[in-house]
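Student: One-letter residues, chain by chain:
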Amino acid sequence: MDGKNIKYRIGKSYVAQIVTTIFAFACVIPLLFILGFIIKAGITKINWHFLVSIPKPVGESGGGIVNALVGSILIIFCASLIAIPIGILAGIYLSENGKTRLAYWCRLCVDILQGVPSIVIGIIAYFWLVKPLGGFSALSGSVALAIMMLPIVIRSTEETLKLLPSSLQEAAFALGMPFHRVMFKVVVPVGISGILSGVMLAIARITGETAPLLFTAFGNPYLSFNITKPMQSLPHLIYDYATSPYDDWKNLAWGASVILLLWVLLLNIFTKLITRKWKVQL
Amino acid sequence: MESTIIKSRNFNASFGSNHVVKNVNIDIPRNHVIAVMGPSGCGKTTYLRCINRMHELIPGATSEGEMTINNENIYDMHPIFVRQKIGMVFQRPNPFPNLSIYDNVIAGYKLNGIKLPKAERDRIVEHSLTRVALWKEVKDSLNKKGSFLSGGQQQRLCIARAVAMEPEVLLFDEPTSALDPISTSTVEELFHELKANYTLIIVTHNMQQAARVSDKTAFFYLGELVEYDETKIMFTNPKDNRTQNYITGRFS
Numbered sequence: 001m002d003g004k005n006i007k008y009r010i011g012k013s014y015v016a017q018i019v020t021t022i023f024a025f026a027c028v029i030p031l032l033f034i035l036g037f038i039i040k041a042g043i044t045k046i047n048w049h050f051l052v053s054i055p056k057p058v059g060e061s062g063g064g065i066v067n068a069l070v071g072s073i074l075i076i077f078c079a080s081l082i083a084i085p086i087g088i089l090a091g092i093y094l095s096e097n098g099k100t101r102l103a104y105w106c107r108l109c110v111d112i113l114q115g116v117p118s119i120v121i122g123i124i125a126y127f128w129l130v131k132p133l134g135g136f137s138a139l140s141g142s143v144a145l146a147i148m149m150l151p152i153v154i155r156s157t158e159e160t161l162k163l164l165p166s167s168l169q170e171a172a173f174a175l176g177m178p179f180h181r182v183m184f185k186v187v188v189p190v191g192i193s194g195i196l197s198g199v200m201l202a203i204a205r206i207t208g209e210t211a212p213l214l215f216t217a218f219g220n221p222y223l224s225f226n227i228t229k230p231m232q233s234l235p236h237l238i239y240d241y242a243t244s245p246y247d248d249w250k251n252l253a254w255g256a257s258v259i260l261l262l263w264v265l266l267l268n269i270f271t272k273l274i275t276r277k278w279k280v281q282l
Numbered sequence: 001m002e003s004t005i006i007k008s009r010n011f012n013a014s015f016g017s018n019h020v021v022k023n024v025n026i027d028i029p030r031n032h033v034i035a036v037m038g039p040s041g042c043g044k045t046t047y048l049r050c051i052n053r054m055h056e057l058i059p060g061a062t063s064e065g066e067m068t069i070n071n072e073n074i075y076d077m078h079p080i081f082v083r084q085k086i087g088m089v090f091q092r093p094n095p096f097p098n099l100s101i102y103d104n105v106i107a108g109y110k111l112n113g114i115k116l117p118k119a120e121r122d123r124i125v126e127h128s129l130t131r132v133a134l135w136k137e138v139k140d141s142l143n144k145k146g147s148f149l150s151g152g153q154q155q156r157l158c159i160a161r162a163v164a165m166e167p168e169v170l171l172f173d174e175p176t177s178a179l180d181p182i183s184t185s186t187v188e189e190l191f192h193e194l195k196a197n198y199t200l201i202i203v204t205h206n207m208q209q210a211a212r213v214s215d216k217t218a219f220f221y222l223g224e225l226v227e228y229d230e231t232k233i234m235f236t237n238p239k240d241n242r243t244q245n246y247i248t249g250r251f252s
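If you read the sequences in order, they're chains H and U. In terms of my numbering, the first sequence is residues 1 to 282. In terms of my numbering, the second sequence is residues 1 to 252.
I should point out that these hints are in silico values taken from the structure, not numbers from a laboratory. Treat the numbers as computed from the prediction; the structure is a model and nothing was measured. From the three backbone atoms N, C-alpha and C, an ideal C-beta is built for every residue, glycine too. Wrong hints could be hidden among the right ones.
A few chain U residues that face chain H, going by a derived Cβ cut-off under 7 Å, partial list only [claimed, not checked]:
id: 1; residue: Q84
id: 2; residue: M88
id: 3; residue: R92
id: 4; residue: N94
id: 5; residue: G108
id: 6; residue: L111
id: 7; residue: K144
id: 8; residue: S147
id: 9; residue: S150
Bound-form chain H, shown alone (with noise of 0.2 Å):
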């Protein structure tokens, strides 16, 4: 090979690099414009008032959004009630049984619920819950996200206990431990930093979900503490305030979106905190 091919050739590889460099780049620039953008926006709206009252009808000025916050405290709280007991042993069943039937067919399907649009969710919810119920409540809502959270903790449960090594259960088995205690004693306790972050993620993806509750939680311009009975949420209220034509409704849409960002960025971080303090060194 003479020189002027290899010098063809370094000069293609740095380009190669040059160009992976500036698409890594470019992947954080989304990110940092949202956040600057609706931080820019949003920020000078909250204060203590914002974050412990509720909105004040049109014509008024100031309000907060705590019927907001509480509601979405309170609906994720009952979601992941449901969501991850239910997750976390069905990630069991498939990560001990991984080549059974029903695991093909549990796998199959949770892929494809995965892929479920939110708002068909929402629509399913109505059917089932709402409707036989007789009323929008802050329940049939979490249900609806719970159905949303299920196969993130399902498929991470699955797959970090998969990268477990066996000899660890050999060794609980070899104790005489029954099954149950193999899994709650060992299994999961080892694995439960990956459990965890499952869990997080799921519950900051449901954070920004609006539409599977339109139809269940309904939104209410009030405190309630009830959640058999409608309950606002921080999306609900971005998507009622945002659109409405008055200009302190708008403001409290971008005091809750900076707020709700927040809390998704800070479930990131906290998630990665968790990862690495509870990892178990094996």
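With chain H fixed as given, assemble chain U onto it according to the hints.
Tutor: Just chain U now, kept in the frame of chain H:
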């Protein structure tokens, strides 16, 4: 007490259609060290795992025939009781990585939900670690994670974990194949100590090890028990040609 502790009659084990242990008859005497040797794939590990019913955990694994401990059929007992009576140590040291050294030793009680007073737990931990000659090395770091120990120490910790349950029989599946020579000799010395209280069955690739540590040796070949006798006789005057060929290194 009767001298035979483990007895198998016409014992067979398979993975699906793959018949790996064929018609094994063996009497294992109490408080002896038994070495089980043979080339790779001869069924020695599978046989060992049948003794404490670990074999059946693998999907598609089956077994038939008689296997008794103290004349009670192991396959009529609940596997949980069997495994508490018959401890096991694996090829690679596998302490629980999320537990401290102390908790690893007591794991058989703690993780099984057996409540013991603190003094009793302390006694078991010290006693078990002393048994495996690890107490002096770790007594000041009992709260550290077990995975910080060296490989040889981890393996002794795993032996301590099995010993803590006060089993009658200890099964070792190539316990030193992942260890360096110094750790290996420490573990081998342990076998002599442990023999006083337990019956040891050791699967090994290593003929020298079988000759060094065992009272009796069983030779498996292609799933059959070819010969089973006093170790001295096995290595000086084997009756079967295949044993002769194996120990003289004509195949492995």
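Student: Hints first: check each against the structure and report whether it holds.
Tutor: Checked hints:
1. Look at U/Q84: its Cβ gets to within about 4 Å of chain H, closer than 7 Å, so that hint holds up.
2. Using the Cβ-Cβ criterion of 7 Å, the hint placing U/M88 at the interface with chain H is satisfied: the shortest such distance is roughly 4 Å.
3. A least Cβ separation of about 6 Å between U/R92 and chain H falls short of the 7 Å threshold, and the interface hint therefore holds.
4. With 7 Å as the threshold, the beta carbon of U/N94 comes within range of chain H, its nearest partner Cβ sitting at about 4 Å, so the hint holds.
5. This hint holds: U/G108 has a C-beta 4 Å from the nearest C-beta of chain H, less than the 7 Å allowed.
6. Here the hint on U/L111 is kept, as its CB sits about 4 Å from the closest CB of chain H, short of 7 Å.
7. With its C-beta approaching chain H no nearer than about 12 Å, U/K144 sits outside the 7 Å limit, and its interface hint is violated.
8. Interface hint status for U/S147: upheld, as the beta-carbon distance to the closest one in chain H is roughly 6 Å, under 7 Å.
9. For U/S150, the interface hint is violated, the least distance from its beta-carbon to any beta-carbon of chain H being 15 Å, above 7 Å.
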